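Go by the hints and put chain S with the ligands onto chain P.
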Amino acid sequence: MGISITINGRPHAVTASDETPLLYVLRNDAGCKGVRYGCGAGQCGTCMVIIDGKPVQSCDVPVSAVAGKSITTIEGIGSADHPHPLQRAFVEEQAAQCGYCATGIIMSAKALLDANPNANDADIRGALSKNLCRCGTHQRILRAVKRAAIEMRK
Amino acid sequence: MANATTTPRRLPGSLDTNRSLATWLSINRDGTVDMRPGKIEIGQGILSALTQIVAEELDVNLERIRVVTADTAQSPNEGTTSGSRSIEESGMAFRYAAAEARELLLARAGAKLGVSLEQLSVSDGTITSRGGGSVTYWDITDESLLQREATAETAPKSHTLHKIVGGSAPRADIPRKVTGVPSYVQDMDLPGLLHGRVSRPPSAGAQLLNVDLDEVRAMPGVVAVLRDGSYLGVVAEREEQAIRAQRRLARSAKWRTVAQLPEFDPRYLLKLPAKTEVISEKKDANTTASGATLEAEYSRHFLAHAALAPSCAVAVCNGGKFTVWSHSQGIYLLRDEMAPALGVALEDVVIHHMESAGCYGHNGADDVALDAALLARAAPGRPVRVQWMRDEEFMWEPVSSAMVVKTRATLGKDGNIASWHFDVWSHGHSSRPGRGPGSNLMSSWYLEKPMQRAQTGNPPLPGGGSHRNAIPIYDYPNQRVTNHLIANPPIRTSSLRGLGSQTNVFAIESFMDELALAANVDPIEFRLRHLKDARARAVIEKVAAMAGWKANQKGDGVRGRGIGFARYKNAAAYVAIIAEVELAEDVRVPKLWCAFDVGQAIHTDGVINQMEGGIIQAVSFTLKEAVKYDREHITQKSWDDYPILSFTEVPEVEVALINRPELPPVGAGEGTQGPVSAAIGNALFNAANVRLRDIPFTRDRLIAAIA
Ligand code: FES
Ligand code: FES
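Chains as they are written, first to last, in the working numbering: chain P, 1 to 154; chain S, 1001 to 1707.
Isolated chain P (complex conformation) (with noise of 0.2 Å):
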């Protein structure tokens, strides 16, 4: 009890049980909906967030493990009016077909680039390794990334 964490900037003072998934947490109490369940065991990356620079699977880490700390979601990066450069990328290259998958792997994506702006393919697809597509819509999604490095380079 009376843990706070932050997110996207803003306290939240966490009301659920210690050992509850972040993932609910965001989803259900702070309203981050872009922040999404696939299987809830670490597998999928749909529930995919930023903390202290490092993609982290939401639903894999309970919200007592993340007392105090700083927690980046979709929702905090860009908006459909000011999207953030891997988002814009991904309307650009119209890069999902469901696109349930995408807002986990643009947080995985975030995270490589900002640590490694120079990514080539093979990063690329390595820091995508735990995100699933279902839909097969890998070979867009990888040159929305691409295009996202270029522009965050300039």
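It should be emphasised that the hints constitute simulated quantities derived from the structure, not laboratory data.
All figures in this text were calculated on a predicted structure; none of them were measured in a lab.
Where is the CB? At the ideal position from N, CA and C, for every residue including glycine.
Incorrect hints may appear among the rest.
Chain S stretches covered by chain P per the calculated footprint, using a threshold of three residues with CB under 8 Å from any CB of chain P [said to hold, decoys possible]: (1) 1581-1589; (2) 1610-1622; (3) 1648-1654.
What follows is chain S with the ligands alone, placed relative to chain P:
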């Protein structure tokens, strides 16, 4: 004809069964157009294509069009969104409805401006007379405009005039989806929303013996615990509380299990009684089958949809009436089956469609909608969201049937195929709701008053189910194709992208390569010798040119190339694929080329996107996927148990569209599966003389084949 006045003329697409123009379109005074498709978005981009058709025929800008998502209260009943039929059914309905709406508007404008129709032209809803005057759609529209039965007598535009159709307007949904705006039924939030979970039996058909409900009722946040026969569920204030309560229920419940699952090999099908039917037979006494005779046997395991989002629904029960939000592909059929399972009248169930992740067929979408309604009834007045867990989706969604194909063919003197025999063994490929008698909603079978379980069957030919694409498109003088349908699948089966076509085309196209080798002819040349259809030849020739195919070129022991081709359902998309494989510890597929023809492409980037996705998914089907089970249970619970192709493994895909704007458009979603599987199998043989005839091409099978 004597009965011409009593039998209404057939109208294009779904207009035939939904004849009121007002059902489809509203032209609004505020300068917008509402369109109400009965088809739904499942990640295939259909709404963008339909919007382009309406904008084109009405001569208005795309931005004016608003899509009203389907619900059973007001949308046209267009059956299911499946089988790549949406463009043919919904697209044609909108094309004719919008053309007719435009003509009605022009008639009003002509009367108002006092000029004949030939004097008028339209740009973005503004009608201008050659003489000068002008008026807009929005000025002259009113409620009565489309309150009439469609005639479909207004000819749509000639394709030569198309400015929007054939283009690639950016999809309206993508900016929202990539920024995390709530977009899926999973994201729904309503005041007072509760969370429901179901506690499933250990295996199908198990009977609940006893369970301690009181200890679960006492858990934090628990609002209701439901036991109805062998059906067990819980509703809680918070999602994690519902999950904890579900786990407690699962620990406390004692079951009698009955499941008898087959051995882990599709060939169990050959031992079961089957309904056997010859579906194609040709005889030509003038050909002599004097050359080599070849026989082969192919198989594929059960395959899962494995949507990235487990199924979900939200329902609220007020005074015995249900409102449900669902990602079902057939909301009307779902309603028709939900109402009796809930013991209420059809009018007491209203279903609104909401998107989920791509589903590629009949997964848990319909089942979870009934779960939500059952649990909402246990907590009346408050909306209940039921989210299947990942293991639940893997263990309980219907899957695509395992299949076995046996082939035999004999060459003639000329080295061409003189006779062809093809036998297919499979369970049915369809058990969607609404195909009764009985119920296809899984939870209804476990209730105190259970619903009768409906039979699993096949859609009829020419589309077919297990026999989809079993009849070859090639011209053989003698042939016999036989379907062996096995009833009562021990693992619940239903439709998955392409139905039986993946396995049938894999078998036909692999066998064509085996025969080409026996005839000592290049595989592409061999196919062309048996193909008259010009569009078929065109995609094959195009893909050969793209890949720089060299006749009779063998692989180098590690790398090789192979081709696969089909026309989906022998009536829709033509797809030719060349795959390049590389043999390492596993089969790797670094590159694929594809040429395809879907008639008129409506949304060009959309069909290309679907083709690329279908190809990559088919590589995953072919290399990796099989539903895991033992003699009692489905044993796959996580992505570790059911791996799919990952970012580190995906091939590069090069796709070329042969657009034929003068021809009717057909769907693009399902044509790739068979050609891709065959192309990979053929490439493996080309690389290293290994012939894999059983999908998936796993490491173990590769090692066994090489040894
Ligand atoms: S939901 Fe967290 S990794 Fe799948
Ligand atoms: S676009 Fe559907 S899962 Fe990736």
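Please check whether the segment 1610-1622 of chain S has three or more residues whose CB lies within less than 8 Å of a CB on chain P. holds (count 8)
Count the residues of the segment 1648-1654 of chain S whose Cβ falls closer than 8 Å to any Cβ of chain P, and tell me whether that reaches three. Check passed, 4 qualifying residues.
Tell me whether the statement that chain P covers the segment 1581-1589 of chain S is true, taking a Cβ distance below 8 Å and needing three residues at minimum. violated (count 0)
Of the numbered hints given earlier, the model fails hint 1 alone.
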